[in-house]
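Undergrad: So the sequence lines, in the order shown, correspond to chains A and B.
Residue 83 in UniProt numbering is what sits at position 83 of the first sequence, and the numbering runs on without skipping anything.
Residue 80 in UniProt numbering is what sits at position 80 of the second sequence, and the numbering runs on without skipping anything.
Keep in mind the hints are simulated off the structure, nothing from the lab.
Every residue gets a Cβ at the ideal spot worked out from N, C-alpha and C, and that includes glycine.
Treat the hints loosely; a few may be bogus.
For each label pair, taking beta carbons as the anchor points, the in silico distance ranges come out as [what the hints assert, rightly or not]:
1) Pro95/B <-> Glu101/A: 38 to 46 Å
2) Ala313/B <-> Gly53/A: 53 to 61 Å
3) Arg19/B <-> Ser62/A: 14 to 22 Å
4) Gly156/A <-> Pro130/B: 42 to 50 Å
5) Arg19/A <-> Pro95/B: 46 to 54 Å
6) Pro260/B <-> Gly246/A: 57 to 65 Å
7) Glu176/A <-> Pro130/B: 25 to 33 Å
8) Ala313/A <-> Ser62/B: 21 to 29 Å
9) Leu58/A <-> Pro95/B: 17 to 25 Å
10) Gly41/A <-> Arg19/B: 18 to 26 Å
2 protein chains.
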Amino acid sequence: MESIGDLGEFGLIRRATGRALTPDVLLGPGDDAAVIAAPDGRVVATTDVLIEGRHFRLDWSSPYDIGRKAAAQNLADVVAMGARPTALLVGFGAPPTTSAEWALRLNDGIADEAALVGASVAGGDTVSSPTVTIAVTALGDLGGAPPITRSGARPGDLVAVRGRLGWAASGLHLLEHALLGRSGAGPDGLDGPDGFGGAAAFLAAHRRPEPPYAAGAEARALGATAMLDVSDGLLQDLGHIADLSGVAIDISAASVPLPPRLPGEKGTATRPGEGKTSSESAAGVPAAPDPLQLALTGGEDHAFAATFPAGTALPATWTVVGRVAEGSGVTVDGAVPSVRGWDHFRS
Amino acid sequence: MESIGDLGEFGLIRRATGRALTPDVLLGPGDDAAVIAAPDGRVVATTDVLIEGRHFRLDWSSPYDIGRKAAAQNLADVVAMGARPTALLVGFGAPPTTSAEWALRLNDGIADEAALVGASVAGGDTVSSPTVTIAVTALGDLGGAPPITRSGARPGDLVAVRGRLGWAASGLHLLEHALLGRSGAGPDGLDGPDGFGGAAAFLAAHRRPEPPYAAGAEARALGATAMLDVSDGLLQDLGHIADLSGVAIDISAASVPLPPRLPGEKGTATRPGEGKTSSESAAGVPAAPDPLQLALTGGEDHAFAATFPAGTALPATWTVVGRVAEGSGVTVDGAVPSVRGWDHFRS
């Protein structure tokens, strides 16, 4: 098997950068730096680092899915500013023994996700590292409009979300409780006639989030006053809007779009021989978190949450989940929630 | 000791981003993405990843120096395009037990290096990683001029360098051969009346390269046809210009600016009791590489190498080291060199 060490840094870069560049990339990989169009005279820029074992597991996700996810979370950040993504830069660290095929599939995933929004990979860096590490930077153009920040929410605004909440977290729960430590075990044992179309949809949501990228331009057109992408959980992320806007946000629990119930939940605990044919699934799925908890605290679906002036007629793609008020902090039905999300060092 | 885990991701980001932003940063840290001025309508962008044990050692370099180096190598890439750096984005991965003081000193080093060129840190990401990882993205503005790429060299052009060659590699050699494994040992034992001002200058060059940033604007004003920063060794990096320009480059060995000779070199091997007062330095420094070899193959000083039309009157800051000709590849005094530089996976 050819490794990235066999290929060498420059061989890998040559193989990975053979794809067509989008028109915004004026000078692509191969020089000291790339040159990317910034017609607006400003550039939106964000960077996220994904670490093996922390943000993905090599036995739970394919390299292609990891690439899709790494690109998606950065592209979603650009879109959450109301901007159009123009290009990605990709820093990649891995052991020299990593297969070249693995690295190239990762690159394919990144490039395919970027292509969804008309962007391409303009450059990057490839290094040796004991830990597989993916550092993605995304750039974007505002098209002459002001950025939609986290600081513009005003008392009286509607709070709305577009996209899924709690799906990726449900998938992660399934993997952690049913497959943990069983390297190579597929998700199929978890699927079954459980009423929500199989766990596969949750697992896919964890492995390859699908941010509704159209939300950015749509929110801008609708006059959004603040926006972000939900990466750490709705409550925690709305907390950033509340803090930076100097307002309070109250969520109506009944209005939050919920993921389907996980199997094995309290009240519906799986009994041996019932509904499942695999002993693995019967034994492996303990009591599951509540759908509301998953929707409020689960991150990584990269839904978009935004605030809009009161009275804005929102299309059906957006769900109103709460209201901005004078004050501070985030409440659910007027009460302070006990769990808000996750912190990358603490959880 | 307060750790970054104690502080938490958001606490660390709050503490690290308290510095003043430069005017190009229109929206700084705290939102989904930063917004940076790109008055030229284009943005120059580059990213480099530094890995503990590969690009720096925690027992050889202070966090402040590591930060300076991480910023410098990215800023040098922007300058090598003929652009003015405007902002950095910093991805930082480290174990949660890492001291907060360490992380903040790293950040200080990055910010101070950026300040040298009038740039600041516009955003970033902080994650938990078993390996200390620093992913820096640098952005820059071309001010209306075309980028100085690697592909513009023409037969007849002069090849010139500005900055040091082989100094950082000399420092690395000293550390690898004299201090390896002696955690906590300072460099002072290597200093002495050895005729070049002490090994400290080499060690400093390795720990904190000082790219001559003024070279970028100067080369542009002088009509440089191609340029890059020397990160992997002069021969290997000039090889990129030769390849991408479709030309040959011949270096005149006698014209290459050399670092001072390392102590312990063949013919000047240190004898016990002679010239050194420390037993460590007498025992620790074996035969050293030749200064020419270090100058031709040593990377990480981030000197700038550029090609200029024949007849260009170069100021004394630039040293002409060779000539562009028809053909391909890089030669030294007409001969193909055996060692060209390093590859991040192979060396």
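Undergrad: It remains to establish, for every hint, whether it holds in the given structure.
TA: Hints, verified against the model:
{"no.": "1", "hint": "Pro95/B <-> Glu101/A: 38 to 46 Å", "verdict": "30 Å, violated"}
{"no.": "2", "hint": "Ala313/B <-> Gly53/A: 53 to 61 Å", "verdict": "57 Å, holds"}
{"no.": "3", "hint": "Arg19/B <-> Ser62/A: 14 to 22 Å", "verdict": "41 Å, violated"}
{"no.": "4", "hint": "Gly156/A <-> Pro130/B: 42 to 50 Å", "verdict": "47 Å, holds"}
{"no.": "5", "hint": "Arg19/A <-> Pro95/B: 46 to 54 Å", "verdict": "35 Å, violated"}
{"no.": "6", "hint": "Pro260/B <-> Gly246/A: 57 to 65 Å", "verdict": "59 Å, holds"}
{"no.": "7", "hint": "Glu176/A <-> Pro130/B: 25 to 33 Å", "verdict": "19 Å, violated"}
{"no.": "8", "hint": "Ala313/A <-> Ser62/B: 21 to 29 Å", "verdict": "58 Å, violated"}
{"no.": "9", "hint": "Leu58/A <-> Pro95/B: 17 to 25 Å", "verdict": "20 Å, holds"}
{"no.": "10", "hint": "Gly41/A <-> Arg19/B: 18 to 26 Å", "verdict": "25 Å, holds"}
Checked against the numbered hints above, the structure breaks hints 1, 3, 5, 7 and 8 and satisfies the rest.
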